[in-house]
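Student: So the chains spell out like this:
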Amino acid sequence: MKDPTSKNAGRDKALVAPSSRVTVVHDELGGARRTIRSARAAFAVIVSFAATVAFAIPASAHTGEATTKASLLVRQAIALIVNTPRNEMAIEDKIKDALDSNDTAGVTLDLVAQAQKTLASGDLHATRTLLERSIGARPHLSPAMPVAIGSTPAAQPATMPGTVIDTPNGPMQMAVGDQTGSGVAEDPLSVSTDLSGRELGALIVSIVAIAGGVVLAIRFRPPISLRQLRARAVEGGGVS
Amino acid sequence: MTFALHRSKPATPETVQQPRSRRRRAVDIIDDRLGIKALQYPIPEHANNLAWSLGGVTAATLSVLIVTGLVLAQWYNPVPEAANASVRYITKSVFLGSFVRSLHFWAAQAMYVLAGLHLLRIFITGSHKRPREANWLVGVAMFALVIGAVFTGTVLKWDQEGFEALGHNLEIGKLLGGLGFWFSPKFAGNVSILTRLYVAHVAIIPGMLLGLLAIHAMLVKRHGISPHPNLPQASGEPVEPFTHHLRRIAAFALVLVGILGILAVVWPRGVGPTPVEGIEVTKPPWMFWWLFTLENWVGLKGILWGTGGLFALLAAVPFVDRNPERRWRRRPIAMLSLVVVIGFIVVLTILMGVTTPAQHLG
Chain X
1 MKDPTSKNAG
11 RDKALVAPSS
21 RVTVVHDELG
31 GARRTIRSAR
41 AAFAVIVSFA
51 ATVAFAIPAS
61 AHTGEATTKA
71 SLLVRQAIAL
81 IVNTPRNEMA
91 IEDKIKDALD
101 SNDTAGVTLD
111 LVAQAQKTLA
121 SGDLHATRTL
131 LERSIGARPH
141 LSPAMPVAIG
151 STPAAQPATM
161 PGTVIDTPNG
171 PMQMAVGDQT
181 GSGVAEDPLS
191 VSTDLSGREL
201 GALIVSIVAI
211 AGGVVLAIRF
221 RPPISLRQLR
231 ARAVEGGGVS
Chain B
1 MTFALHRSKP
11 ATPETVQQPR
21 SRRRRAVDII
31 DDRLGIKALQ
41 YPIPEHANNL
51 AWSLGGVTAA
61 TLSVLIVTGL
71 VLAQWYNPVP
81 EAANASVRYI
91 TKSVFLGSFV
101 RSLHFWAAQA
111 MYVLAGLHLL
121 RIFITGSHKR
131 PREANWLVGV
141 AMFALVIGAV
151 FTGTVLKWDQ
161 EGFEALGHNL
171 EIGKLLGGLG
181 FWFSPKFAGN
191 VSILTRLYVA
201 HVAIIPGMLL
211 GLLAIHAMLV
221 KRHGISPHPN
231 LPQASGEPVE
241 PFTHHLRRIA
251 AFALVLVGIL
261 GILAVVWPRG
271 VGPTPVEGIE
281 VTKPPWMFWW
291 LFTLENWVGL
301 KGILWGTGGL
311 FALLAAVPFV
321 DRNPERRWRR
331 RPIAMLSLVV
341 VIGFIVVLTI
351 LMGVTTPAQH
361 LG
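Protein chains in written order, with this note's numbering: chain X, 1 to 240; chain B, 1 to 362.
Bear in mind the hints are in silico, worked out from the structure with no lab data behind them. Since this is a predicted model, take the numbers as computed values, not measurements. Heads up, the beta-carbon is just placed ideally off N, CA and C, and yes, glycines get one too. Errors might be hidden in some of the hints.
What the hints assert, rightly or not - Subject to a maximum C-alpha distance of 25 Å in a straight line, what follows is the list of computed SDA-like cross-link-like pairs (lysine to any residue):
(1) X/Lys69 / X/Glu88
(2) B/Lys37 / X/Phe220
(3) B/Lys92 / X/Asn102
(4) X/Lys69 / B/Lys92
(5) B/Lys174 / X/Thr68
(6) X/Lys96 / X/Leu111
(7) B/Lys221 / B/Gly211
(8) B/Lys283 / B/Gly211
(9) B/Lys301 / X/Asp178
(10) B/Lys92 / X/Glu88
(11) B/Lys283 / X/Gly197
(12) X/Lys96 / X/Ala137
(13) B/Lys92 / X/Pro188
(14) B/Lys186 / X/Gly162
To be verified - Okay, the calculated bits of chain X under chain B, using three or more residues with CB under 8 Å as the criterion:
(15) 76–84
(16) 203–212
In isolation and in its complexed conformation, chain X is listed as follows:
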């Protein structure tokens, strides 16, 4: 079988006729020059990419200012309770920001104020329930029951064509762009590791697959191992 790399194999000077050693040295110098040119080319590519991106970077890597809408702050507080219930300081900050907000549309501030008190007493469940009620959402009962608020928290007005759909409850603005489309954070869903009949069947099939694969891999293994091939090569004196 022809080895396409044979022409690129490292040259052994001992096998090269003396009259060709000048050519060999010249070739090696040429190879070194090619390496330097290639390194320069690679460096130039990297610098060009960096320059292109550098000119595109705006003055700040951060987005715009934090929201001041009370409804979003309340939703964020709920999400913090769901995601990081031990981070009471962050939850408290969000509730406080919501109470101090200039834009309190759609939020019952009395309930938010009550939530602030229940948070101080350490009752996260009551805090979450009060916050959910404050924005008109059904309180969480179980992860299976999605909560809905009075209107989708769309940041954009319903002006984009094809993004408003008719529902039995009236027109509804679909989420577009980077909008979440969701209202209040739901609890995470954990999957039980108790084995039902289906999972047990899948487990058995998986174990059988492993066993079968191992048997076949052994059956189909090369008759001569790499170690034996190398030993042969050493015995044959072919190792360079």
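Position chain B against the provided structure of chain X, taking the given hints into account.
Tutor: Just chain B, lined up with the frame of chain X:
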């Protein structure tokens, strides 16, 4: 270079006169129509080593992802209002839905790891060297697509973690200026970016992957399996038909699928809370942790520079590492560079593992 063909029997009058078996007749019939015997071309025996079969096993993992992905797509709803709920529905209410979804997840992890190991093997054995530079670049592009698939896949479940991943991507799109236009939510203002990422995850990325895979395979066929660096050219290494390589890959893949199945049963995947914008409380998938350590140090641009730097290095490899020597012991600079890069990524990954998520967005 001398080769010996294994398992070939010398022709004798008896063997010539024996009727062909049904199996052999079936193969002949199919070969007449599809030319499958062309797959029996000889390849060096070392190609059947596990380390040299990693590319094939990675391709087998892609098959698992495609099959499980097709199943999941029947019940997944790629609009923000329903995405998370549809994932919950798949997990709780679809027959074997939790198992299929978990299998998809673990196969994605395996594909990332196997692709990385395959890349490492190629580099360590110098198989990226002339004349295989183009195939190395194709492989690097495929690796980038694998990472893109992992990213888009984590966004699709549309929980807090997926939404925060999207948020980072959108901000990086802004950093890229004009180059990041596709990642802008305003690019197609009438469609949620979730839907566009869904299209990328199920069509664009797999399509490009399969196209590059075809080129990758053709280039391997064109150049042949690279010689083993520890076997001299004139070692007289035996050859085997490529079909033997395929069946060995199939055996390895069967073991892998079994392992993934066990993982899917023992560690099934749940779903995080529905997302709320403006907070950053989760960590990304583990393969992105090193980038987020950079973000903690220098801000969002750390993710861009880290990713760009890594892939610039990978792309530069065949042009910088041009020494024809392929044995790793005789390539100290290349091996040292490898250790430094991997060590850097590992250390940053561990640092993220012990760090609390910080607010960088908004």
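Student: Hint by hint, say whether it matches the structure.
Tutor: Evaluation of the provided hints:
1. X/Lys69 / X/Glu88: Given pair lysine 69 of chain X, glutamate 88 of chain X holds - Cα atoms ~21 Å apart, limit 25 Å.
2. B/Lys37 / X/Phe220: Measuring from Cα to Cα gives roughly 19 Å; hence the hint holds.
3. B/Lys92 / X/Asn102: violated, 42 Å
4. X/Lys69 / B/Lys92: violated, 35 Å
5. B/Lys174 / X/Thr68: With Cα atoms ~23 Å apart, lysine 174 of chain B and threonine 68 of chain X stay inside 25 Å; holds.
6. X/Lys96 / X/Leu111: holds, 13 Å
7. B/Lys221 / B/Gly211: holds, 16 Å
8. B/Lys283 / B/Gly211: Distance of about 32 Å is beyond 25 Å: violated.
9. B/Lys301 / X/Asp178: holds, 20 Å
10. B/Lys92 / X/Glu88: violated, 32 Å
11. B/Lys283 / X/Gly197: Status violated; Cα separation ~34 Å.
12. X/Lys96 / X/Ala137: holds, 20 Å
13. B/Lys92 / X/Pro188: holds, 13 Å
14. B/Lys186 / X/Gly162: This hinted pair holds, its Cα atoms lying about 15 Å apart.
15. 76–84: Holds: 7 residues of the segment 76–84 of chain X have a Cβ under 8 Å from chain B.
16. 203–212: holds (count 9)
The structure is inconsistent with the numbered hints 3, 4, 8, 10 and 11, although it conforms to all the rest.
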